[in-house]
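**Q** Sequence:
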Amino acid sequence: MKNSENLQSYAVEKRVGEGAFAIVYLASVQESGERVAIKKAPIDKKYKNRELANLKLLGEHPNIVALKDAFYVVGQNEEVYINYVMEYMPDNLSDYLRNLKKQKQQLTQIQLQIITYQLLRGLAFIHGKGMAHRDIKPQNILIDGTTVKYCDFGSAKIISGGQINTSYLCSRHYRAPELIFGATDYSTSIDIWSLGCVFAELILLEPLFPGESSVDQLVEIMKVLGTPTAADIVEFNVSNTDFKFPQVKGHPWSKVFLKYKPDPQFIDLIKKMVTYQPQQRIKPFMALMHPFFNDLRELKNEEVPNKLWQFTPEEENIFGKQPLKHLMPSWWKGGR
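Heads up: the sequence shown begins at 1 in the UniProt record's numbering, then just goes up one per residue.
It should be emphasised that the hints constitute simulated quantities derived from the structure, not laboratory data.
Treat the hints loosely; a few may be bogus.
When the alpha-carbon atoms are kept at most 25 Å apart in a straight line, the in silico SDA-like pairs for lysine to any residue are as follows [as the list claims (entries may be wrong)]:
id: 1; residue 1: LYS283; residue 2: GLU302
id: 2; residue 1: LYS157; residue 2: ILE43
id: 3; residue 1: LYS45; residue 2: GLU13
id: 4; residue 1: LYS56; residue 2: ASN77
id: 5; residue 1: LYS271; residue 2: LYS300
id: 6; residue 1: LYS14; residue 2: ARG98
id: 7; residue 1: LYS300; residue 2: LYS325
id: 8; residue 1: LYS307; residue 2: GLN277
The following label-pair restraints were derived from C-beta to C-beta distances [said to hold, decoys possible]:
id: 9; residue 1: LEU258; residue 2: GLN280; range: 45 to 53 Å
id: 10; residue 1: LYS14; residue 2: GLN247; range: 37 to 45 Å
id: 11; residue 1: LYS261; residue 2: GLY162; range: 21 to 29 Å
id: 12; residue 1: GLU13; residue 2: GLN310; range: 25 to 33 Å
id: 13; residue 1: VAL74; residue 2: PHE245; range: 26 to 34 Å
id: 14; residue 1: ASN301; residue 2: LEU100; range: 34 to 42 Å
No residue lacks a Cβ here, since even glycine has one placed at the ideal position from N, Cα and C.
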């Protein structure tokens with residue numbers, strides 16, 4: 001494969017993943033030997049190069065997969081494919097958790113803190129750019145050791161109030177209730193719901209709400225949160241609010257995680273993310289200040305990477321230096 005922009009050549013080693021719309025290959029840059037992932041996808045006639053535009057808009061962030069390059073090839077039947085050259089990460093969170101379950105292992109408290117902190121930091125940055133990812137799930141989170149990064153920005157979009165958006169997106173198990181109800185004017189808080197479901201899965205090692213259809217998905221949600229109130233449904237911002245549901249009592253979160261006994265502060269964080277009313281869901285930047293991460297900030301050892309506290313100039317622009325200081329450990333004197 002030849003890159004016309006940087007004039008680099010890529011040697012494909014093997015296919016490492018396949019989705020509904022793309023194939024991912026492990027490759028190496030022939031000039032340097034650097035290993036990269038190449039995601040090959042047909043050009044979508046409706047959305048053109050949405051993912052490329054999204055990745056360029058986001059730029060560099062430690063918890064977003066780095067786009068190194070992009071080039072086009074013409075396949076059979078004259079179909080044009082775009083190839084995204086990205087940093088290579090060996091695993092996705094879905095496979096990682098499946099292996100943990102197979103080995104009957106659990107994440108340690110510190111692993112849980114490091115992973116969830118990075119995911120909130122990455123999401124705060126995405127939302128700070130005015131963008132919703134709209135398809136957060138374990139398969140779209142890459143992992144290497146305890147470093148995690150979001151990938152697959154093909155569904156991502158700049159969200160502003162009053163616009164019409166599709167509600168049929170996001171994988172079912174991670175789909176916010178307002179999307180299930182058909183809302184088309186929604187906010188970035190759909191991602192917070194999805195990420196809260198992922199956080200629960202880090203403990204359960206299986207989906208929190210494993211619905212087999214949209215209706216079944218609502219049933220699974222109601223088993224935990226109870227029946228949504230009329231006020232909840234109004235907040236979903238849907239045109240039809242005349243829904244009739246059986247009255248179901250919610251299940252205490254402590255019982256959802258009963259046999260795992262996670263830190264009560266972690267349960268509290270999930271509870272603040274997975275709640276019916278979109279406006280009530282905690283914002284990702286505020287979630288970084290949650291007491292669940294207090295221990296992490298005071299731990300000064302090699303298990304906690306310094307990069308957690310090394311904020312980028314773009315993060316300083318979005319959030320301000322002073323608010324970022326509140327996230328740093330008292331002992332932290334480092335720069336970038």
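**Q** Next, verify each hint and record whether it holds.
**A** Hints, one by one, checked against the model:
1. LYS283 - GLU302: Violated. LYS283 to GLU302 sits at ~29 Å, over the 25 Å cutoff.
2. LYS157 - ILE43: Between LYS157 and ILE43 the Cα gap is close to 17 Å, so the pair holds against 25 Å.
3. LYS45 - GLU13: Given that 25 Å is the threshold and the Cα spacing comes to 29 Å, the pair is violated.
4. LYS56 - ASN77: Answer violated: LYS56 to ASN77 is near 29 Å, above 25 Å.
5. LYS271 - LYS300: 29 Å, violated
6. LYS14 - ARG98: 22 Å, holds
7. LYS300 - LYS325: Distance of about 17 Å is within 25 Å: holds.
8. LYS307 - GLN277: Given that 25 Å is the threshold and the Cα spacing comes to 34 Å, the pair is violated.
9. LEU258 - GLN280: 45 to 53 Å: For GLN280 against LEU258, whose Cβ atoms are near 25 Å apart, the range 45 to 53 Å is violated.
10. LYS14 - GLN247: 37 to 45 Å: Violated: the Cβ-Cβ distance is about 53 Å, outside 37 to 45 Å.
11. LYS261 - GLY162: 21 to 29 Å: 45 Å, violated
12. GLU13 - GLN310: 25 to 33 Å: The hint (25 to 33 Å, Cβ to Cβ) holds, given that GLU13 and GLN310 are roughly 32 Å apart.
13. VAL74 - PHE245: 26 to 34 Å: Cβ of VAL74 to Cβ of PHE245: about 52 Å, so the range 26 to 34 Å is violated.
14. ASN301 - LEU100: 34 to 42 Å: Since the Cβ atoms of ASN301 and LEU100 sit about 23 Å apart, the hinted range of 34 to 42 Å is violated.
Hint check: violations occur at hints 1, 3, 4, 5, 8, 9, 10, 11, 13 and 14; the rest are consistent with the structure.
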